[in-house]
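Going down the list, the sequences are from chains A and B.
For the first sequence, the residue numbers in our numbering are 1 to 264.
For the second sequence, the residue numbers in our numbering are 1001 to 1244.
Just so you know, the hints here were simulated from the structure itself, not pulled from any lab data.
Errors might be hidden in some of the hints.
[As the list claims (entries may be wrong)] Distance ranges between label pairs, derived from CB positions: (1) B/Ala1239 with A/Glu168: 31 to 39 Å; (2) B/Asn1230 with A/Ser100: 46 to 54 Å; (3) A/Ile138 with B/Thr1061: 50 to 58 Å; (4) A/Tyr224 with B/Asp1009: 57 to 65 Å; (5) B/Ser1216 with A/Trp30: 55 to 63 Å; (6) B/Tyr1086 with A/Arg250: 19 to 27 Å; (7) B/Arg1073 with A/Ile43: 56 to 64 Å; (8) B/Phe1117 with A/Phe28: 39 to 47 Å.
[Claimed, not checked] Here are the computed lysine-lysine pairs in the DSS-like style, where the Cα-Cα straight-line distance is at most 25 Å: (9) A/Lys255 with B/Lys1071; (10) A/Lys255 with B/Lys1212; (11) B/Lys1075 with B/Lys1154; (12) B/Lys1100 with B/Lys1128; (13) A/Lys87 with B/Lys1212; (14) B/Lys1128 with A/Lys87.
Each residue gets a CB set at the ideal place from its N, CA and C atoms; glycine is no exception.
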Amino acid sequence: MNLLRVSAMIQRHLYLYQRSVPRLMEIFFWPLMDILVWGFITIYLQQSDQTLPRFVTFFLGALLLWDLFYRAQQGISVSFLEEIWSKNLLNIFVSPVRPSEFLTALMAIGLAKMIIAGIASALMAWLLYDFNLFVIGISLLPFALNLLVMGWTIGIISTSAILRYGQEAEVLAWGLGFLIQPVSAVFYPVSVLPSFIQPVALALPVAHIFEGMRTVLETGAVPYDSLIAATVLNGVYLTVSIFLFHWVLRVVRDKGLLIHRGTE
Amino acid sequence: MAPPVLEVDHLTKSFDGVTAINDISFSVDQGEIIGFFGPNGAGKTTLIQLLLGLITATSGTIRILGMNLEKDREKILSQVNFSSTYVSMPTSLTLLENMKVFAKLYGIRQPAARIEFLFKLFEIDRLKGTLTRHLSSGQLTRLSLAKALLNSPKILFLDEPTASLDPDIADKTRTILKSIRDENAMTVLYTSHNMKEMQEISDRIILLNGGKIIVSGHPSDILQHYEESNLEALFLRVARGDTR
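Working from the sequences, and respecting the hints, build out all of it.
In structure tokens:
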């Protein structure tokens, strides 16, 4: 692993973000909109039914953390799309950059986006609704890290699909995360899902993460069974996604598609 | 005698049963300027992509600088470079930022001096703080060529390098490439539809058609062989199916 080459890839995106208002908006604007809309909804529900006192905590907490996952995923898939949009992909693939270095840089960008968006969102929730995520921050940290890894995995899978199928698969950069949201137990427990869907949910790390985080938010204690399940599943899925990326790269090289991705 | 810097041995590439490159073999010596020449679909761009490892071969081997492209890809790619009219660079970065990024990717020591030198060489030094999206196509081509020379490549691959340049800048670019070749013994492999250019700067041209090498040699020798006065006339013959 050549860290100079990894830092070059990261620097390329830092240059991009430092002067692109729309790209900065993407990090801050949508989390703010989500927090405003869902925050007011939960306050309304709380006011209309006094038996739902934890709504604000659960909904805002889930929302903040789902957004962390989404930013981590987009850090990879949208950064990859930037290379396609700017017709720069071939310049990278004819340089000595290894695929692993390319992925490492994208993952670092995902981490940076997640940290920036997470801090900004948490501050907004604290200012607007007096919801302080940092009070329970240490217990949530291992789950947040698992969300990062899950975001990386989905980002690598959507990137692999874009590499293989081109711009027609671009929509996955924004949509793949939401495709699994209904079975991710973000806003409700797995037990709410129909029994035949529950095994699907439990096969995803993200469901264990949100189940675990609800326990943290409710009790303050870390549910180690959820944490271990999420970590093990994440390890498996991340490994599979990295293999998938390398395999897809071999396929597009064999089919001569890399040239199309670099110039389409 | 120095070994060839590039050796292609029985190279074949098929896409879903269609043979784009059909069992071709050739070698290139250090410091040669080789022009790939042929009608659309002849296999020129596919061949360049194969030599850069962007496409994997169906069969055959490619050895560059004495190394196998499949096994020593990273070592080879750090010593070669590429520029194409059809490839751009991040448009939201300035010229200087783009060059700094690629200098790091290629591990260039003292990148500032090298970048400054190349900017002056291609007459784009006054644009270094300009966003790449504001460049004309000719300026973008010059930036791409400057990028391609950042790592002082031993072999330079060019896909239609002067296609979007005006005659003055195209002429200057050819002069630059020849002078770098003369000073550093850099090998250049390129494709072009500019027959005059190919005749002027190539030490050897390789005429491709249907994925096969029809003929290879110095432009004047080839013209003599085919009893043609210029490459354009030969091109028209080949494009219309007459390769006798």
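Evaluated hints:
1. Between B/Ala1239 and A/Glu168 the C-beta distance comes to about 33 Å, which sits within the given range of 31 to 39 Å.
2. Taking 46 to 54 Å as the suggested C-beta distance range, the pair B/Asn1230 and A/Ser100 conforms, at roughly 49 Å.
3. A C-beta distance of roughly 57 Å is found between A/Ile138 and B/Thr1061, which places it inside the suggested range of 50 to 58 Å.
4. The given range of 57 to 65 Å is respected by A/Tyr224 and B/Asp1009, whose C-beta atoms sit roughly 59 Å from each other.
5. Distance hint for B/Ser1216 and A/Trp30: a CB-CB separation of about 58 Å, consistent with the stated range 55 to 63 Å.
6. Our hint of 19 to 27 Å for B/Tyr1086 and A/Arg250 holds, since their Cβ atoms are close to 23 Å apart.
7. Checking the proposed 56 to 64 Å range against B/Arg1073 and A/Ile43 shows it holds: the Cβ atoms sit about 57 Å from each other.
8. Range check, B/Phe1117 to A/Phe28: Cβ separation about 41 Å, and the 39 to 47 Å hint holds.
9. The suggested pairing of A/Lys255 with B/Lys1071 holds, with an alpha-carbon distance near 20 Å, which does not exceed 25 Å.
10. Between A/Lys255 and B/Lys1212 the alpha-carbon distance is near 20 Å, which keeps this suggested pair within the 25 Å criterion.
11. Taken as a hint, the B/Lys1075 and B/Lys1154 pair is honoured in the structure, with Cα atoms around 12 Å apart against an allowance of 25 Å.
12. Taken as a hint, the B/Lys1100 and B/Lys1128 pair is honoured in the structure, with Cα atoms around 11 Å apart against an allowance of 25 Å.
13. Between A/Lys87 and B/Lys1212 the CA atoms are separated by roughly 30 Å; this puts the pair beyond 25 Å, and the hint is violated.
14. A distance of roughly 20 Å separates the Cα atoms of B/Lys1128 and A/Lys87; the hinted pair therefore holds under the 25 Å criterion.
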